[in-house]
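The whole structure should be built from the sequences, with the hints applied where relevant.
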Amino acid sequence: MALLDSVRNGARAILRTRSAALARRCTPYAAFLMGRAVGNDTTRWQDALYELLRHKGITQFAYVPDAGHSILIDRALADKDVHAIPLTTEEEGVALIAGADLGGARAVLLMQSSGVGNCINMLSLIKAGRFPFLTFVSMRGDFGEGNPWQFGMGQATAPVLEAMGVICLRIEHAQDVLSTASAALTMAFKSGQAVAVLLSQKLIGAKPF
Amino acid sequence: MLDRAEAVPALIGRHEDFLIIAGLGGTASDVAAITGDAASVYSLGGAMGAACMMGLGLALARPKERVLVVTGDGELLMNVGALATIAVRDPANLAILCVDNGHYGETGWQKSHTSLGTDLEKIAIGCGIRQTRTVSSNAELAEGARLLRAGNGTRFIVLRVAAGEPPPGKRNFDGSLMRDRFRAALARAQ
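As you go down the protein sequences, you meet chains A and B in turn. Everything in the first sequence is counted per the working numbering, starting at 1 for the first residue and increasing by one. Everything in the second sequence is counted per the working numbering, starting at 1 for the first residue and increasing by one.
Honestly, the hints are just simulated from the structure, not real lab data.
A few chain A positions that, by computed beta-carbon distances, are all more than 12 Å from chain B: (1) D47; (2) L52; (3) D66; (4) A67; (5) I71; (6) G146; (7) W149; (8) G152; (9) M187; (10) K190; (11) S200.
Result set (EDC-like, lysine to aspartate or glutamate): computed pairs, CA atoms no more than 20 Å apart in a straight line: (12) K190/A - D180/B; (13) K111/B - E165/B; (14) K127/A - D174/B; (15) K80/A - D90/B; (16) K64/B - D81/A; (17) K127/A - D180/B.
Restraint ranges, calculated between C-beta atoms of paired labels, are given here: (18) D180/B - D79/A: 29 to 37 Å; (19) A187/B - D79/A: 20 to 28 Å; (20) A145/B - G205/A: 48 to 56 Å; (21) N138/B - G152/A: 50 to 58 Å; (22) A139/B - C168/A: 52 to 60 Å; (23) N121/A - S176/B: 14 to 22 Å; (24) S179/A - R130/B: 42 to 50 Å; (25) S137/B - T186/A: 51 to 59 Å; (26) V88/B - P148/A: 30 to 38 Å; (27) A67/A - N138/B: 48 to 56 Å; (28) D3/B - F143/A: 54 to 62 Å.
Even for Gly, the Cβ is constructed at its ideal location relative to N, Cα and C.
Put into structure tokens, the structure is as follows:
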């Protein structure tokens, strides 16, 4: 029995070593698929999220610049196979998503919670046309916020989105990013729903000013 | 002043050459009068300010098709920053036709900013759109029609028309139906 146990343990150790070595060589998204934790010092969850979005066929990334989305924005700008589209105001992104869908493409909108307020009437388009809609919202006016100006829109973000028929999924921990984003992609592009993934300040860090 | 009921069809010509996004209000009627209730048209009944950016998303998604946005001065002014966003990408297959009557016709003919000093072509130029025209006479229609079909960058045409009722085109208000049949028609065409 002791011999059998030691063989088993040895085999497990070899498998663990191999899978860790493989995970180090492959992309953050592949590492996630292999069950490796994402969100530690060596793997940025933002990279894994970008690769998930690409894997699911997103080809248009509309954004209003924001520190919380900077890695996603830089990845999209550097990717010759996608369109990275800087907006002057977030509501442009809502209309862009609908236009992309008419052409059979998938787009996402990257914005800060303040920008949600700029989108409200434009979300009528998503509702009237029953367009799939997916946005990633980096939160301000949230956990640990140090700028009092951010609380008005930050605290209203989820209620106003929900009032316009957008389902909100909130993420507080790095290990939940990919599973939540996967769920949101399915809800938007398989079920045709409007979905906002809220990246809380507990996840992205609060600004002290 | 040009009559929109004659000038818009003269500029667009064969509408089957384009996938069309129509702004809400008068331009939705302008387009419906030309196309009937066609699958190649998505016309807005609300969400004012959406038309140009829908055109950008569609043009980027379908680089081999010609995309035409037909919208009014009021609708365009509501989201005029979209011209700056479009100029950054400058898709070759996108044309924007702004039917400018200088008024908000649906709400009681109040003057719009284009009757009060705003020049939309200059705004488009300032945003970085390189191919622009203002068409305000019959003599300029042929050049405008040519420019709508040119293929080397986004084009922006202001069509100055008299303030008056649009032609009685029957607008479709079912946004979901228009979405489904627009996508289905494109999928069939592939």
